[in-house]
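Novice: Next come the chains, spelled out residue by residue.
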Amino acid sequence: MNPIELEIHRHRFQAIAEEMGIVLRNTARSANIKERLDFSCALTDRDGLMVAQAAHIPVHLGSCHLTARHLLAELELEDGDVVMVNDPFRGGTHLPDVTLFRPVFLGGERRASFGVIARAHHADVGGGVPGSMGDFEEIFQEGLIIPPVKIVARGRLVRDVEALFLANVRTPAERRGDLAAQLAAVERGALRLAESAARHGAARLRRAGRALMDAAERGMRALIAAIPDGEHRFVDHLDGADSPAIAVRVVVRGDDIVLDFAGCSPVLRSSLNAHEAITLSAAFYALRCLGDEEIPSNSGILRPLDLRLPLDSVVSARHPAPVAAGNVETSQRIVDAIFGALAQALPGRIPAASQGSMNNVSFGGRRGDGEPFTYFETLAGGIGAGPLGPGASGLHSHMTNTRNTPIEAFEADFPLRIRSYCLRATSGGAGRHPGGEGVVREYEALAPLSASILSTRRELGPWGLAGGGPARPGRNFLIRDGRRRALPASVRIELQPGDRLRIETPGGGGWGASD
Amino acid sequence: MTRERVAVGIDVGGTFTDFITADGAVAKRPSSRGHPGRVLAEGLDQLGLGGTRGLSLAHGTTVATNALLEEDLAPVGLLITEGFRDLLALGRQNRPGLYDLEPRPACAAPDPALIAEIAERVAADGSILKALDLEAARAAAHRLMARGAESLVICFLNSYRQPAHERVLAEILRADGLAVTASAELAAEFREFERFSTAWVNAGLMPLLGRYADDLRRALDLGGRSGRRMVVMQSDGGAIGLEQAAREPVRLLLSGPAGGLVGAWAGAADRERRRLVTFDMGGTSTDVALLDGGPPVVGRAELGGRPLLVPILDIHTVGAGGGSIARLDRGGLLKVGPASAGADPGPACYGRGGPATVTDAHLVLGRIPPGLFLGGSFALDEAAARARVGELAAQLGLGLERVALGVLAVAEATMERALRRISLERGHDPRRFALVAFGGAGGLHAASLAARLEMPEVVVPRDPGLLSARGMLQAPLRKELARTVLGRALAEIEAAPARAFADLERRARAELRGEGLAAAEILVERLVDLRYPGQSYELSVPLGAAGRSGEAFHLLHAQRYGFARPEEGVELVALRLRARGPAPRVRQPRPRRVSGRPKPVESRRLVFEDGAGTCPVYRREDLGSGQELRGPAVIVEYSATTVLPPGHRLEVDRRGALVIRRAR
Chain A
1 MNPIELEIHR
11 HRFQAIAEEM
21 GIVLRNTARS
31 ANIKERLDFS
41 CALTDRDGLM
51 VAQAAHIPVH
61 LGSCHLTARH
71 LLAELELEDG
81 DVVMVNDPFR
91 GGTHLPDVTL
101 FRPVFLGGER
111 RASFGVIARA
121 HHADVGGGVP
131 GSMGDFEEIF
141 QEGLIIPPVK
151 IVARGRLVRD
161 VEALFLANVR
171 TPAERRGDLA
181 AQLAAVERGA
191 LRLAESAARH
201 GAARLRRAGR
211 ALMDAAERGM
221 RALIAAIPDG
231 EHRFVDHLDG
241 ADSPAIAVRV
251 VVRGDDIVLD
261 FAGCSPVLRS
271 SLNAHEAITL
281 SAAFYALRCL
291 GDEEIPSNSG
301 ILRPLDLRLP
311 LDSVVSARHP
321 APVAAGNVET
331 SQRIVDAIFG
341 ALAQALPGRI
351 PAASQGSMNN
361 VSFGGRRGDG
371 EPFTYFETLA
381 GGIGAGPLGP
391 GASGLHSHMT
401 NTRNTPIEAF
411 EADFPLRIRS
421 YCLRATSGGA
431 GRHPGGEGVV
441 REYEALAPLS
451 ASILSTRREL
461 GPWGLAGGGP
471 ARPGRNFLIR
481 DGRRRALPAS
491 VRIELQPGDR
501 LRIETPGGGG
511 WGASD
Chain B
516 MTRERVAVGI
526 DVGGTFTDFI
536 TADGAVAKRP
546 SSRGHPGRVL
556 AEGLDQLGLG
566 GTRGLSLAHG
576 TTVATNALLE
586 EDLAPVGLLI
596 TEGFRDLLAL
606 GRQNRPGLYD
616 LEPRPACAAP
626 DPALIAEIAE
636 RVAADGSILK
646 ALDLEAARAA
656 AHRLMARGAE
666 SLVICFLNSY
676 RQPAHERVLA
686 EILRADGLAV
696 TASAELAAEF
706 REFERFSTAW
716 VNAGLMPLLG
726 RYADDLRRAL
736 DLGGRSGRRM
746 VVMQSDGGAI
756 GLEQAAREPV
766 RLLLSGPAGG
776 LVGAWAGAAD
786 RERRRLVTFD
796 MGGTSTDVAL
806 LDGGPPVVGR
816 AELGGRPLLV
826 PILDIHTVGA
836 GGGSIARLDR
846 GGLLKVGPAS
856 AGADPGPACY
866 GRGGPATVTD
876 AHLVLGRIPP
886 GLFLGGSFAL
896 DEAAARARVG
906 ELAAQLGLGL
916 ERVALGVLAV
926 AEATMERALR
936 RISLERGHDP
946 RRFALVAFGG
956 AGGLHAASLA
966 ARLEMPEVVV
976 PRDPGLLSAR
986 GMLQAPLRKE
996 LARTVLGRAL
1006 AEIEAAPARA
1016 FADLERRARA
1026 ELRGEGLAAA
1036 EILVERLVDL
1046 RYPGQSYELS
1056 VPLGAAGRSG
1066 EAFHLLHAQR
1076 YGFARPEEGV
1086 ELVALRLRAR
1096 GPAPRVRQPR
1106 PRRVSGRPKP
1116 VESRRLVFED
1126 GAGTCPVYRR
1136 EDLGSGQELR
1146 GPAVIVEYSA
1156 TTVLPPGHRL
1166 EVDRRGALVI
1176 RRAR
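Protein sequences appear in the order of chains A and B.
With the numbering used here, the residue at position 227 of the first sequence is 227, and numbering never jumps.
Remember, the numbering used here sits 515 above the position in the second sequence when you count from 1.
Only chain B is shown next, with the shape it has when bound in the complex (with noise of 0.2 Å):
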C-alpha cells in the first residue's frame, strides 16, 4: 500500500479541528478533549466521508503539548541507576530566573516515592563495573506499579554507550505486560539528564496517547477490514503511525506547529524561492522559523523548562501575540506582552473590560476594520480600544495615534529579536530570505518587520487558517534515529557508511515498512555530528566521501560562528539517520485569473509611522491572480488581516498567495 490513498488532513487545535482533503474539500469542527475521535468523526461525515473505506487520516494533534504544559502527566515509575535517585530533580542545578529571591527549579521534580534505585551501573566506555540483578529490578518495578505507577521508565547512566541493562530490563518488563520506556532506546545520546528527562516524559505521556489512540480507533474504524488507517504528525515535520506515535508520543510534541511549517514551505516555496522564514502570529504568542532549502530539524529542544533529545523542528516562540498587553513600568519605559488578555476578557476592543493590546493598537490606527472582523460576525468596540490606549497617552504624554504606533514598535522589536535569533545568529543572511507570514495577525505585522530586516518580500499564502491542516496530508513518512558514537575515527565512518548505519537503517527501515512503505520508496538520509575536539556543541552534517564531511562542517562552523579551525581536526560525536518515504502529492486549488482593478469593499483612515489618510480596505476573496494592489491598503479576510503600507505593493501569484515587495 502506498501513502497516494491519503485523503484527508486533520488539524486538531485548541478551540477548533480543521479538515481538508486532498482535492480541497474543507470541513471545520469544535474540538473536543473529551471525545476526539468524536469530532474526528463529525468532519469526515461533514466532507461526506463518513462510511467511505480505504481512507487514509493524517492528523496533528496537541494533546501531548497540552499534557506537557499543563503538567498533566500520567504518574510515572521510575528505575535509575543505584546513587542518583534524585538526578532529575536536580537537573542541571540552575534557576531560571536569575535575580529572583525565591527561585524554583525550571520543572517539577518525579514523586519520590515512584522511584526505585537499581543496582548497576556502566562505565563510560561502555564495560559494566556492576552487573543487573534482573530479578531484584523486574521486583522493584512491580512494586512501583503496586504504588500506583500507571508507566514506567528505566534510567541508567551510560547506557547510550552500553544499553544492555536497559535493554534486557524493558524486555522482561513488557513482557510482564507494562507500558516501558527505556532512555536509549529513545535517544542514544550522552548528557544523562537530557536523555533521561526525555524518556521520563515519553513515560508520563504513553498512557494518555495510548487512551487517545484508542478512542481513535474506536470512533473512525481504523485499520483491519475498513482498510482506513492514520498516520500522526511528528515534531520533525514527518508522520509516523498512531501504534508507534502511542509508543513514543514524546515525538508528538510539536505536532501541529510541525503542520503549519510543512504547510507553508508546500505552500510558498518554489523553485526560485527555496528560503523563507516563518511567522505565525497568534493571540499570545508568535511562532517564528527559518526554512533554508525545507524545513529544519534540530536534535535538542526545550519545552515547559524540560529539554527533549529527539528530532524537532526549530521553532522558536516569543510571547508576543495580538493579545499582549501594554503597560507603563516603573521606570517608565513602554511594555508589550508577555502577559496576554487571553480570549477573555481578551483586548479592551471585544467590549468585556479587557486591557489594552497589540489589537486595540491596530485598531486605533486603522488597520482592523471593526465591522469585518472575523466576516462581520463578531463586532469589535473600537471605543473601548481607543478608551484604553488613550490612558496609556495620557500617562505617557503623547499623542494616541503616538502611543498606538509605539505599542506596535515594542510589540516588532520582540519579534525582529525572534526574527534575529534564528537567521542573523546562527549565520543567516535575512536580505536572501522571504518573509511567509500566517495566523490571524501575521499579516498585519509581517510588511513592517521584513522592513526591518530588509527581507525582500512578504508571502501571505491562501487560507492562512488551513496551513497546517493540508500541512497534515503533505508530510511524508518520516523516521530520524541517532546514536552517540564518540570516540570512532570520521574517516572509517566515511570509508564504509553502510556499515557503519547498518544497525540504525534497519530498525528505520523496519518502522516504515511496517507503515506500509514499500522498501523501494524508502529514502535514507545520513548524517553525521561533528565538532572540534574539545568543543561540547556539534553541528550535524550529511556524511560524505572521504574528508567531505569534514569540509562541510569547517564552512558550517565559520557561517556560524565566524572562524573555523581546520588545522585541528574534527570530532565525530554522532551518527544521525533520517529515513522517509515519498511526499504525498496535493493539489493545490488554482485561483481564478482576474484582470483589471479589484473593487475595494470600504475606505477608512489608516495611520501609519510616516502619516496618515484615507486608505481602500479590499476582501481577500475579491482578489484574483495576476491583480496588483498599491500601499496602502488593508486585506481582510475570515480569519486574517494584511496590511499593506505605503511604499510597498502587492501582486497575486498564480497560487493565490499575496506577495508583498517594496516599490521601487
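Extracted from the complex, chain A is given alone in its bound form (with noise of 0.2 Å):
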C-alpha cells in the first residue's frame, strides 16, 4: 500500500477512535468521566493489535492489545456483540477501568475484521472502600472482578449481566448511565468502521491497519538507532515499608531496545502492585514520548521492545494480587525508572523527574436527598524541568491527563465543599530549571461521610536531573478542630461535617546546577 493512501487511512482510524471519545463524553454520567474524560478509546486489528487511538489516558492505551488478545482467546465472538471486562489479569487495568470491546465484521468476512474499545473509569465498583480505589491485600477485595463477558449478545443487552454488575456496586443508577455511554461509543465506532468498508473494502482497510503497524516501527526503530548503542541501569522507589524498588536495565543495541525489570522488589500485600498490561503500558508511552506527534499511536510502536518481567514482581503481579494503585501510582513510577535510564543514554534530551503520583483521592457516602454517591478524582502536581526550560505547574504528568472536576460542578452534586485550590509555592526542585509547582486541594465535608487517599512520592521527593534538585514529597492533612494531622501515603478514614482533607502534591525535580 503505498505512503499516500495509508496516511489518508491513519486520518480516518484516528478520526474514529476520536468520535467515540466524543460520543461517550457527552452522554456519561459520572464528574469522572464527563468532566475528568478519565476513559479512552481505540481500534485494533482481528487479532487484536491497536491499529488507532485517540490521544486519551496513556495508561489505558499501551494495553489495548492485550486487552483485545485475551477476549479473542477466551470467547467465541459473534457480529452484534459487546464484551465487557475489567479483570486485570485478563485483558483488564485495574478494577474501575471496565472495557467494553465490539469486535466489528465488515463486508461478509467470517471472522472479525477489526474491534473498537471504549475504555472508562467507574467511580465505583464496590469493594472496600467507596470509589473502589483503597488499599488491600488481596483483589477480591477491591471490587466486583468482571471476567471477559458478553454485556450484548447479538445485538441484544444482556440483562443477566447488567444486573449482576449493578446489584454490586455503590451507586447503580449513574453506573447504568455511564455503561449506555460506552456502548453508544462503541457502536458509533462500529457504523464507521463499515462505512470506510463500504467504500475501500473490508481486506483493503485491513491491510492499511497492518501497514500503519509497519509505518510506526519503522518510526520507532530510527529512533533507537539514533541512540547510542549501551547499557544503563536506574532504580527509583515507591512509597512504605522497605521502600520498593523499581529497578530496569535498559538496553539498546541497533535499532532493538531491552527493558529488563530484573532486581525489582517481590510481589506486594498491598495495591502498589502493576502488573503485565500495566509495565507494557508504561514502556509503550515512554517509548512514544521519544517519538514525535507524527508516529502513528499503535502496535508497531511496540516491536522493536524486548520487555523482560521476573515473575511474581511488583511490576508482574499475578491473580489475586491487589493492583489498584499499581496502575496509577506505580505505572508512574515505572515511567520514572525507564526515564532515568535513558537519561542516561540521552544526556540533553530527558526532563527531570514529574510528580510521579496522580493523587487518588475518593468520597462516598449519601447526598442530602439521601441518594448514595460516590466520587473519584486525581490530583495534578509539578512537572520536572528539562533541557528545554522550566517544568510546567500544576498540569498532570505521565500516565494520565484527566481534567479536574470544575468546583463549582463538584459543590452543586456533592456534599462538600473546596476550601482552597492553588499552586503549591516551592515545592518544585531547584535547578537552572527550576521544577514545576504542585497544587494543594482542601475539602471540607458538609456530611458524614468516608475518604479514601492513594498516593505515593510522600517520602522521596522526585528526583532532579543534570545537577538540579529534587522536589518536595508530596503530604495529606486532615484538619480537625482548627488542629493540622498528617496522613499516611495511603489511608481511609471517616470524615465528619467541618472536618477538611488537604492534600499538598509534589512538585516537579529541577534541571541543571543553579548558578
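In short, the hints are calculated from the structure, not lab data.
Bear in mind that the values here come from a model prediction, so they are computed numbers and not experimental data.
Ideal placement from N, C-alpha and C gives every residue a C-beta, glycine not left out.
If a hint is listed, it holds; no wrong ones were tucked in.
Stretch by stretch, here's where chain A covers chain B in the computed footprint (C-beta under 8 Å, at least three residues):
no.: 1; region: 612-620
no.: 2; region: 844-852
Derived coverage of chain B by chain A (criterion: at least 3 residues anywhere in the stretch with Cβ under 8 Å from a Cβ of chain A; other residues may be distant):
no.: 3; region: 595-603
no.: 4; region: 699-713
no.: 5; region: 928-934
Can you join these two chains into the complex? Each is in its own frame, and there are hints to help.
Specialist: And the structure:
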C-alpha cells in the first residue's frame, strides 16, 4: 500500500477513535468520565493489535492490544456482540476501568475484521471502600471482578449480566448511565468502520491497519537507532515498608531496545502492584514520548521492544494480587525508572522526574436527599524541568491526563466544599531550570462521609537531573477542630461535617545546576 | 431610526480591507494595524461617501482575534475568591500534548503580581457563606491598578448562581472610573475556569478595543451631528454597537469569519437550498461550518487554548491550506501541513526558495494557470514547483504527477475529516447538504471533497473574495444571553415562559433599543439547554409548550448520539435568549444572462486521478447566468480558482453563482 493511501487511512482510523470519545464524553453520567475525561477509545485489528487510538489516557492505551487478545482467545464472538471486562489479569487494567470491546464484522467476513474499545474509569465497582480505590491485600477486596463476558449478544443487551454488575456497585444508576454511554461509543465506532469498508473494502482496510503498524515500527526503529548503543540502569522507589524498588536495565543495540525489570521488589501485600499490562503501557508511553506526533500510535511501536519481567514482582503481579494503585501510582514510577535510565543514554534530552503520583482521592456517602454517591478524582502536580526550560506547574504528567472537576460542578453535586485550590509554592526542585510547582486542594466535608487517599512520592521527592535538585514530596493532612494532623500516603478515614482533607501534591524535579 | 440606512459593509482583514455598499459598489484598501480609522475613512472616500452624513457602517475586525492569538492582551488585575488565586493558571490540569517530554499548559498564566484574593464566599446553592468587605476589595483593586493593571476582572466562585458580590464590587469600581469585567455579567454559566477565563480575556481586550473604538470615532466622525453610526460583527453572526463592542470585546473573536458565514448563507441559500456546509480555504488553514437553516451558534468554543463561554458560530478550523508544506516523515508516510510556507517564502512557485506545497501540486497538475494568478499580476514559477515536488517523488520512488495527486489527496483527507466532524459526527448526513466554497483555494478542492462525502452539489458564490464584507451588511443586530438555572423544573418554565425569561429579555431589549431598534422590530427566541440527569453536556432546543421542549431534546439526542432515554426525564440547565432586529435587505447584483457557449481563454493539460488531457480554461467574468459547462475545465477569477473535474457539469445560476453537480 503506498504511503499516500496509508496516510489517508491513518486519518480515518484516528478520527473514528476520536469520535467515539466525543460520544462517550457527551452522554456519560459520572463526573469522572464527563468532566475529568477518564476514558480512552481505540481500534484494534482482528488479532487484537492496536491500529489507532485517540489521544486520551496513556495508562489505558498502551495495553489495549493485550485486552483484545485476551477476549479473542477466551470467547467465540459474533456480529453484534459487545464484551465487558475489568479483570486486570484477563485484559483489564484495574477494576474501576471497565472496558467494552466490540468486534466489527465487515463485508461478510466470517472472522471479526476489526475491534473497537471504549475503556472508562467507573467511580465505583464495589469492594471495601466507596470509589473502589483503597489499599488491600487481595484483589477480591478491591471490587467486583468481571471476566470477559458478553454484555450485548447479537445486538441484544444481556440483562442478567447488567443486573449482576449493578447489584455489586454502590451507585447503580450512575453506572448504568455510564455503561450506556460506552455502548453508544462502540456502536459509533462500528458504524464508522462499516462506512469505511463500504468505500474501500474490508480487506483493504485490514491491510491498511497492518501497514500502519509497519510504519510505526519503522519510525520507532529510526529513533532507537539514533540512541547510542549501550546499557544503563536505574532504580526508583515506591512509598511504604522497605521502600519497594522499581529497577530497570535499558539495553540499546542498533534499532532494538530491551527493558529488563530484574531486580524489582517481589509482589506486595498492597494495592501498589503493577502487572504486565500496566508495565507494558508504561513502556509504550516512554517509547512514544521519544518519537513525535507523526509516528502513528499503534502496536507497531512495541515491536522493537523486548520487555523482560521477573516472575511475581511488583511490576508483574498475578492473580489474586491487589492492583488498584499499580495502575495509577506504580505505572508513574515505572516511567520514572525508564526515563532515569534513558537520561544516561540521551543526556540533554530527558527531563527530571515529574510529580510521580496521581494523588487519588475518593469520597463516598449519601447526598442531602439520601441518594448514595461515590466520587473519584486525581490531582495534578509539578512537571520535571528539562533542557528546554522550567517544568510546568499544576499539570498532570506521564500516565494520566484527566481534567479536574470544576469546583462549581463538584459543590453542586456532592456534600463537600473546596476551601482552597492553588499552586504549592516552593515545591518544585531547584536548578538552572526549576521544576514545576505541585498543587494544594483542600476539601471540607458537609456531611458524614468516607474518604480514601492513594498516593506516593510522600517520602522521597521526585529527582532532579543534570545537577538540578529534587522536588518536595507530597503531603496529606486531616484538619479537625482547627488542628492539623499528617496522614499516611494511603489511608481511609471517616470524615465528620467540618473536617477538612488537605492534599499537597509533589513538585517536579529541577534540571541543571543553579548558578 | 431603523437599519434600512445601512450603507457600507466592511471586512477588515489581515492584508486588505474590503468595502461594499448595499448597491454593490466596492472598494479595497491595504489594512493598517496602527491606523484602522484612517483606512476606513480612505475606503469611504474611494466610494465617494467621504462627506456623506447619516451613514450606517457595519464592519468585521480581526483586532480582538489577533490580540488573543498573539498573546498581546493588556495587563489585567484579577480579583478572585480567597483560596483560589491560581485558578486561571491551573485551568483544567490537563496538558495539550499527551506525549511531550516537556509539556506546557495550553495557555499562559496571568501575572501573579496582578492577582488579589478577596475575602468572600458564595455557596453552591447561592447562599452567602462569607460577606464581601467592599472597602477592602476596592482598596485591593486600586492597588492592582497602581501596580500596572489597565483593566480589572472580578471572578467569584458560584457567581453564576448568586452574582450579588460581583455586581456590587463592579458597580463601585466603575463609579471610580475603572474598566471592569464581572464574570457572571458576561456569562452567567457554571464551570468557574471557563467563565473566569472568558471574563479575563474580555478584560485584557477592553483597553485595546477602547482605543480602537476611539480611533474609529475620530476618523469617521461617528455619532452626534454627523448621524453616522457604526456596528460591529460579533462571533455569533449578529451585529452590536461600537460602544458595547468596546465593553464586551470577547464577543468579537470570530468577527471576520462570522461575516463570511452570513455572506455565504445570503449568497448561496434560497428557498430550496436550506442546508449548507461552508468551506473557506485560505493559505494556511481551512474553516468549515454547517448551516442547517441558518448559521449555527454554540455557547462554547476555544481559541488560542482558552475556553470561551460566549455565543460563537460553530466554525471548525484545520491546518490545511494552499501553503501547507508536503514532506515525508520518519516512517516514510507523506505528510501535508500543518506547517505552512506562509507568504514569505511562500510556496515553491512564488520563486523565493519555498518548499513543496499544496499550491505547487495544483500547478504541477495544471489546475492553476501560472499566467492568470491574481489576474496575471503575479507570475508563478512552474519550474520551481515541479522541482520541489519532483524531489518528493524521487524519495518516494513514484512519478511526479502521482505524487502531486497524492499531496492533494492527503490535504483533502485532513479537510474531509473536518467536514465529517461538523456533519456526520453531529448526526447530520452530508448527502443532504450543498458545499459552499470560498476563499482563494476553496474552489480547487470543493468538487473532489463533495464527491468523497457524496454531497450533491457545490456552490461557488459570486465575488467569493467579497462574501465577508457583504455578510457584514446582512447581519441583523443581535444579542444572546444565557443564565444557568440548575435545579429549576422545566415544566415551570414551559408554563410561564415570559416570567422565567423576563430578566434576560429586559436586558436584551434595552441594549437593542440602545442601538436604535424600535420595540416592534425586535424578535425574541427563547431556548432551553437540556440534558439527561447526570450528564454534563447540554443541547439547546427551542422552548415549547408543555412537554414539547423535552420531546425536541430526545429527538436531537438520538440524532446526535444514537440513543435517547425518555423514561429518565430531562434536566434543565440554562435559559438562553436570542433577541435580534430585522435582517437588512441587500440588493443582490444581477449577472447578465448569456446564451451560447462561453469561450475559453486558453487550453492546458490537466491531470486527474483517472487520467489526463487538454482542457479549457475560462475566465469567470466571461460566464453569464444560464450557461453550462462540462468538466474537465478550470475557471479562474481575480482571487480564486475553481476546478471542474471530469464527470461533473457546471451551471451559472441566476445570482451568478457557479453550481457544480455530478453529470449523470
